[in-house]
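Asks: As a plain string of letters, each chain reads:
Number of protein chains: 2
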Amino acid sequence: MIQIFIEAAPLRAHLNHLRDNHFTIGLVPTMGALHSGHISLIKASKIQNDLTVCSIYVNPAQFNNPIDLEKYPRTFDSDIEILKDAGCDMVFAPGNNEMYGKPSQIKFDFGSLDKILEGEFRPGHFSGVALVVAKLFNIIQPAKAYFGQKDFQQFKVISKLVEELKFDLELICAPVVREPDGLAMSSRNMRLNPDQRQKAVILSKVLRESKAQLLSGEKLTLVKNIAMERFMAQNIRLEYFEAVDKDSLTPLETVSDPGQVVLLIAAYIGEVRLIDNLFLIEK
Amino acid sequence: MIQIFIEAAPLRAHLNHLRDNHFTIGLVPTMGALHSGHISLIKASKIQNDLTVCSIYVNPAQFNNPIDLEKYPRTFDSDIEILKDAGCDMVFAPGNNEMYGKPSQIKFDFGSLDKILEGEFRPGHFSGVALVVAKLFNIIQPAKAYFGQKDFQQFKVISKLVEELKFDLELICAPVVREPDGLAMSSRNMRLNPDQRQKAVILSKVLRESKAQLLSGEKLTLVKNIAMERFMAQNIRLEYFEAVDKDSLTPLETVSDPGQVVLLIAAYIGEVRLIDNLFLIEK
Numbered sequence: 001m002i003q004i005f006i007e008a009a010p011l012r013a014h015l016n017h018l019r020d021n022h023f024t025i026g027l028v029p030t031m032g033a034l035h036s037g038h039i040s041l042i043k044a045s046k047i048q049n050d051l052t053v054c055s056i057y058v059n060p061a062q063f064n065n066p067i068d069l070e071k072y073p074r075t076f077d078s079d080i081e082i083l084k085d086a087g088c089d090m091v092f093a094p095g096n097n098e099m100y101g102k103p104s105q106i107k108f109d110f111g112s113l114d115k116i117l118e119g120e121f122r123p124g125h126f127s128g129v130a131l132v133v134a135k136l137f138n139i140i141q142p143a144k145a146y147f148g149q150k151d152f153q154q155f156k157v158i159s160k161l162v163e164e165l166k167f168d169l170e171l172i173c174a175p176v177v178r179e180p181d182g183l184a185m186s187s188r189n190m191r192l193n194p195d196q197r198q199k200a201v202i203l204s205k206v207l208r209e210s211k212a213q214l215l216s217g218e219k220l221t222l223v224k225n226i227a228m229e230r231f232m233a234q235n236i237r238l239e240y241f242e243a244v245d246k247d248s249l250t251p252l253e254t255v256s257d258p259g260q261v262v263l264l265i266a267a268y269i270g271e272v273r274l275i276d277n278l279f280l281i282e283k
Numbered sequence: 001m002i003q004i005f006i007e008a009a010p011l012r013a014h015l016n017h018l019r020d021n022h023f024t025i026g027l028v029p030t031m032g033a034l035h036s037g038h039i040s041l042i043k044a045s046k047i048q049n050d051l052t053v054c055s056i057y058v059n060p061a062q063f064n065n066p067i068d069l070e071k072y073p074r075t076f077d078s079d080i081e082i083l084k085d086a087g088c089d090m091v092f093a094p095g096n097n098e099m100y101g102k103p104s105q106i107k108f109d110f111g112s113l114d115k116i117l118e119g120e121f122r123p124g125h126f127s128g129v130a131l132v133v134a135k136l137f138n139i140i141q142p143a144k145a146y147f148g149q150k151d152f153q154q155f156k157v158i159s160k161l162v163e164e165l166k167f168d169l170e171l172i173c174a175p176v177v178r179e180p181d182g183l184a185m186s187s188r189n190m191r192l193n194p195d196q197r198q199k200a201v202i203l204s205k206v207l208r209e210s211k212a213q214l215l216s217g218e219k220l221t222l223v224k225n226i227a228m229e230r231f232m233a234q235n236i237r238l239e240y241f242e243a244v245d246k247d248s249l250t251p252l253e254t255v256s257d258p259g260q261v262v263l264l265i266a267a268y269i270g271e272v273r274l275i276d277n278l279f280l281i282e283k
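First to last, the protein sequences are chains Y and A. Residue 108 in this note's numbering sits at position 108 of the first sequence; the count goes up by one each step and never skips. Residue 70 in this note's numbering sits at position 70 of the second sequence; the count goes up by one each step and never skips.
One chain only, chain Y, in its complex shape (with noise of 0.2 Å):
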């Protein structure tokens, strides 16, 4: 059985009574719209908590393109099912009154972190993703919580929420869930025509063969410039394809050292903007 919570007080008293009870609770939490990569999320959380909690929240804040919110898929009687077929035990699906009663006021600063990649592109979203992330641990106060891969930046973001506001859990971030063609699993792939569909494997398939280049000892700028004609070619808007530093996301001119870099792409297909990455090596 399943519980479906729209609000937080009685969610927050149903949480506490089972913590006194020694129930361990893990978050995974959502914008809905479920697809495998986030049942993956639920799978880990179930391993590793006695509980389960899922939130699903569009959450205006971090959309810098209203476009993009208005668009963003919602299947939430389905997301239910998927998540009952899952052993989820708890969602908390609450509206935009329960989440921002008042306008928010309040934003934050991450410094280089949100400068760069995503943050370049999409001003505001991580300080949107912050703010809503704090809420959602402060209302489910989670032993663990978790994030996938596919959105390397947010889970770098979210790890130095976590380490400066000295949040009381532990972030866990599960690999890319990828369609057998390699495109990374996203609600917005929902949004894909079968043409575009079809087109949307280049991110995947150029970070691929970036990475094969790169370790086979091709230079950087060599490779970057193989991977923007591939976009041309195909008439395929790339917004960045970065080769960085794992911990820092500083952006690398080199690959000096294979094991600390990441490659991170975003690109828009048709209308719907993607973003993918790959480890040059996989820890």
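Source of the hints: derived by calculation from the structure; they are not laboratory data. Don't take every hint at face value.
Straight-line distance between alpha carbons at most 30 Å, and here's what the computed BS3-like set of lysine-lysine pairs gives [said to hold, decoys possible]:
1. A:166 <-> Y:115
2. A:102 <-> Y:283
3. A:166 <-> Y:46
4. A:144 <-> Y:166
5. Y:219 <-> Y:205
6. Y:102 <-> A:115
7. A:246 <-> A:102
With chain Y held as given, fit chain A onto it using these hints.
Replies: For chain A alone, kept in the frame of chain Y given last:
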């Protein structure tokens, strides 16, 4: 018996154990150099909670002025004696390494709330306050946390932090405690020489006089002019004197609803910056 913790982990473990046994925890965050104002907070916490933690930490992140940080009074041994006498149960007195392992990357922005009054003259101050308070809330996880009305804008900023980040605790604002001549208690008063100590009474005196003038119908612009002249006559640097809305802290140009009005003042007595405030109508 008072327990002193200098590290977060053992304090957390101890408090988790106490919470498991249904003890409620009150928190009084301080920067040490304790005076009767702090003790009134400890006493309020002891009445409303099973156990009281006082934190003592001079937070570098909230000092915009390095000389102010250097000269901030540190009186740890006598603080502990005072806390023992007051019946405080636990002290958390971390070092800088414990509170800021690496240099901080996160900054908070509170919109209009931290650009005026103290925020205008102490850039970065409230971001540093919010950061350390969030850390303390997450380490100690109190049911109630106590702050003095002397730092009224600080209380509003922390209220916003708790409201927006949905911290699971209640904030209590305790009245200003004053010396017999009216001077608001402050750790910084220790830095005044006897002559300055006498002069310092001007802040509370001007607040009281201005309140009386406003309540008898005097125009705010006139009252502000009289106040400024009082400071000029004594050659004391007035940084601001404002009547603001007690909810939004928006500076007012006229007083139409006295129940909504707080007078706030900041001035330098010698090198020492002092603040004070007064409600036109006490709640």
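Asks: Now, for every hint given, state plainly whether the structure supports it.
Replies: Going down the list of hints, with the structure as the test:
no., hint, in the structure
1, A:166 <-> Y:115, "holds (26 Å)"
2, A:102 <-> Y:283, "holds (24 Å)"
3, A:166 <-> Y:46, "holds (26 Å)"
4, A:144 <-> Y:166, "holds (18 Å)"
5, Y:219 <-> Y:205, "holds (19 Å)"
6, Y:102 <-> A:115, "holds (20 Å)"
7, A:246 <-> A:102, "violated (37 Å)"
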